[in-house]
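Chains A and B, in that order, give the protein sequences. Under our numbering, the first sequence has 248 at position 248, and the numbering climbs by one with no breaks. Under our numbering, the second sequence has 271 at position 271, and the numbering climbs by one with no breaks.
Hint data in this document are derived by calculation from the structure and do not stem from the laboratory. Any given hint could turn out to be false.
Identical copies look the same in the list; a pair holds intra-copy or inter-copy alike.
Straight line, CA to CA, 30 Å or less: simulated DSS-like cross-link-like pairs of lysine-lysine [to be verified]:
#1 Lys155 <-> Lys89
#2 Lys49 <-> Lys155
#3 Lys89 <-> Lys269
#4 Lys9 <-> Lys211
#5 Lys117 <-> Lys211
#6 Lys49 <-> Lys117
#7 Lys49 <-> Lys211
#8 Lys264 <-> Lys120
#9 Lys13 <-> Lys155
#10 Lys9 <-> Lys269
#11 Lys226 <-> Lys123
#12 Lys9 <-> Lys120
#13 Lys9 <-> Lys155
#14 Lys49 <-> Lys76
Number of protein chains: 2
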Amino acid sequence: MDINNEIAKLDWKREPYGLYEPIEYTLAAGGKRVRPHLAMIASQMFDGKDEDVLPAALALEVFHNFTLLHDDVMDKADVRRGRPTVHVKWNDNTAILSGDQMLIEAYKLLSGVSADKLPKVLKLFNQMATEICEGQQYDVDFETQEQVTIEEYLKMIRLKTSVLLANALQIGAYIAGADEQAQEALYQFGIAAGLAFQIQDDILDVWGNPKTFGKVVGGDISCNKKTFVYLTALHRATQSSTALHHVTQLQQWYSQVLQDNTEKIVAVKTIFEQLEVREACEMMVADYTQKALQILATLPQNAATAQLRQLANKLNTRQD
Amino acid sequence: MDINNEIAKLDWKREPYGLYEPIEYTLAAGGKRVRPHLAMIASQMFDGKDEDVLPAALALEVFHNFTLLHDDVMDKADVRRGRPTVHVKWNDNTAILSGDQMLIEAYKLLSGVSADKLPKVLKLFNQMATEICEGQQYDVDFETQEQVTIEEYLKMIRLKTSVLLANALQIGAYIAGADEQAQEALYQFGIAAGLAFQIQDDILDVWGNPKTFGKVVGGDISCNKKTFVYLTALHRATQSSTALHHVTQLQQWYSQVLQDNTEKIVAVKTIFEQLEVREACEMMVADYTQKALQILATLPQNAATAQLRQLANKLNTRQD
C-alpha cells in the first residue's frame, strides 16, 4: 500500500476554503512519511492487514504535520521543505486555526480504527500527543533556562521526536494483534532509534555536508541552540581541569546573537573538536543504534523486521 | 453532581509547568459550565447516571475553553471573564501550545467514555469540533467579505455557537441510552436555543443595560461586526424604497475605525431604531425559542425537561 497515494486521496476541497486549503498545502509538501510507514511495517511484522492499520497510520501523519505547522508559527520559521510556511503564505491566525483543524482531522482518521481496538488506540494516541506537547514545552523552556543537563536534553528529544515513532510502531503492532511484550519491544525500538536519529541530526548540523544536509550547516550554533553536541562539549570541558577555559568560551559565544555567524561557527567547531565531542556523540548514536538492533533480535524475524534493521543500520551513517 | 467540583478535581500540577499552568488558569476562570450541564440534563432525561456522562461532559467544557483560548489569540482579546487572557499573561506561543494541549486533554477525557459508546461519541465529538472550526473560519472570512447574507450569518452562528450545545445534549442522551429520534430532537433543541441565544446576544450588544450586560455595550458597532442586528438593518433598508439612504449611511459608518465611538454608536442605534430592527430581531429570538419549546414537547416530560424549558424561556428575556 502506497502511503503517499492514500494521503493524496484525502479530500480537502471543502468549504470554508480558508480552513482547508492550508491543510492540503501542508500535506502536499511531501516528506518521507516515516510514521505511517512504521505503523505499516509493525503491522506487517504480525501479519496484519494494511487496510486495518491505515486509519491510524494516516492519523499519525496528519498529527505529525499539525505539530510542524504550529511549531513553525512558534519558531517564526519561514521555510519548510523548500516552500513558504503556512503562517508566511497566509497569516498567523490561519496557521493556528487550520492547525487546530488538522489535529481534529487526525482524531477523525483515528476514529476509523475498528471499534474493538479503538479505546486502546485512542489512549495510546492521546498519551503520545501529550508527550509531544510536553517535549515542545521543554524545548521552549531550554531556550531561557541557564543550565540544561544532558539527561534533561535526552528527555526532551525522547518526548519531542522518539515518542511519535515509538507510538506508530506500537499502534501498528497492537492493531495487527501483537502481544503486549512485542508491542513494548517495538515501542522501545522506536525510542532508541529516535534518539539515535536526533543526536545524528545534531551532529550533522555541525559536521554535515552542506550539499546533502537538508538544513543550513551551523544553524544550531548560530541560534545558540543547546543541542546534544553543545551539552556534551560543556560536560567534557567541565570534567577536565585543562579544558575549563572552553566552558567560558562556549558560554560567551552562546550568549551572542550575530548577523554574520561565519567566525562564530568556525570558533565553536574548533572548540568542539579540541574536546573530541564528535567522537563522543557518534558513540552515543552507535550505542542507541546497537540498543535498537538488540531489541529487534527479540522480535519475529521476517521481511518487516529486516526493513527495521536496515533502517536502524542507516541511523549512524546517514548524511542527510 | 457539581460540575465545578469535578472540574476543580482535574489535576494540572504537572511538569512542564509552562504547559499546564495556563490550562489550570483558563479552567479556573469559571463561566456557567453550560455545556457539561446540558450533557448532564440530557442524560438525566433518560435516567442515565451522572458518572457515565461525566467524562464526555468534562471533555465538552475543556474543549469549549480551548476554543476561547485560541480565539482570544486570533482576536487579540486582552480580557476574558475579567482577567488577562493567556496570551497577555504569558505570550502567544504559550497560548498556542497550551491550547493544543487542552484540545488533546479534551480527547483524553473523552476516552473515559465506556468502550461500547466510545466509537459513536468520538464521531459526534469530531464532527462538532470540525464544525466549530468551520464556524470560526466563516466568522473570520465575514470580516473582509463585502456582502454577508442573513442566511450565511445564521449558518456561521449555528456552527460557532449552536452545534456545541446541540452536541452536548445529543451525547448526554446517547450515553444514557436514548433512541435516535430523541437524540435528534435534543440536538435540534440545542440548535434552536443556540440561535436564539446568539441573536439575543447581538441585540444586547446594542440595547443591553451596561450595568448587567457582561460586555461593553456597542462593542460590535465599534468594531464594525456584521451581526444579526446589522444585517437585519441592511436587509430592511434595502427592502423599502424610502429607507435606501440608510444603506449608504450604515455602510459609511461600518467602514470607519475610530478612537472614540460615542457618536458612531448613537448614530447607528438611531438608524437601527428608525428601521425597527430591534422588534424584527426580537421576533426571531421568539421564533427560535418557540421552536425549541415545541421540540421539548415531543420528549419525555420530567424534571430534566422542565429544566430545559426553563432555560429556553429565559432566552428571550435575559439581560446579561
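Legend entry - Intra- versus inter-subunit Cα pairing at 30 Å for lysine 49 with lysine 155: Answer is neither; intra-copy 34 Å and inter-copy 41 Å both fail.
Inset, instruction - Indicate which option fits the pair lysine 49, lysine 117 if close means a Cα-Cα distance not exceeding 30 Å: within, between, both or neither. - result: The answer is both: 14 Å in one copy and 26 Å across copies each meet 30 Å.
Legend entry - lysine 117 and lysine 211: within-copy, between-copy, both or neither at 30 Å Cα: neither (45 Å within a copy, 54 Å between copies)
Legend entry - Up to 30 Å CA-CA - lysine 211 versus lysine 49, copy category: For lysine 49 and lysine 211, the Cα distance exceeds 30 Å both inside one copy (40 Å) and across copies (64 Å).
Inset, instruction - Please work out whether the CA atoms of lysine 9 and lysine 155 approach to 30 Å or closer within one copy, between two copies, in both situations, or in neither? - result: Classified as between: cross-chain Cα gap 28 Å, same-chain 36 Å, threshold 30 Å.
Legend entry - Copy assignment of lysine 9 with lysine 120, given that the CA separation must stay at most 30 Å: Answer is both; intra-copy 27 Å and inter-copy 24 Å each pass.
Inset, instruction - Could you place lysine 89 and lysine 269 in one of the four classes (within, between, both, neither) given a Cα distance threshold of 30 Å? - result: Classified as neither; 35 Å inside a copy, 39 Å across copies.
Legend entry - Homomeric proximity label, lysine 155 with lysine 89: Cα distance no greater than 30 Å: Classified as between; 28 Å across copies, 34 Å inside a copy.
Inset, instruction - Indicate which option fits the pair lysine 13, lysine 155 if close means a Cα-Cα distance not exceeding 30 Å: within, between, both or neither. - result: The answer is between: 19 Å across copies meets 30 Å, while 40 Å in one copy does not.
Legend entry - Alpha-carbon proximity context of lysine 9 and lysine 211, limit 30 Å: Cα proximity of lysine 9 and lysine 211: none, with 33 Å in one copy and 55 Å across.
Inset, instruction - Classify it for me, lysine 264 with lysine 120: is the Cα-Cα distance of at most 30 Å met within a copy, between copies, both or neither? - result: Classified as neither: same-chain Cα gap 49 Å, cross-chain 57 Å, threshold 30 Å.
Legend entry - Within, between, both or neither, where lysine 226 and lysine 123 count as close if Cα-Cα is 30 Å or less: Neither way: lysine 226 and lysine 123 sit 32 Å apart in one copy and 42 Å across, limit 30 Å.
The structure does not agree with the numbered hints 2, 3, 4, 5, 7, 8, 10, 11 and 14 stated previously, though it agrees with the rest.
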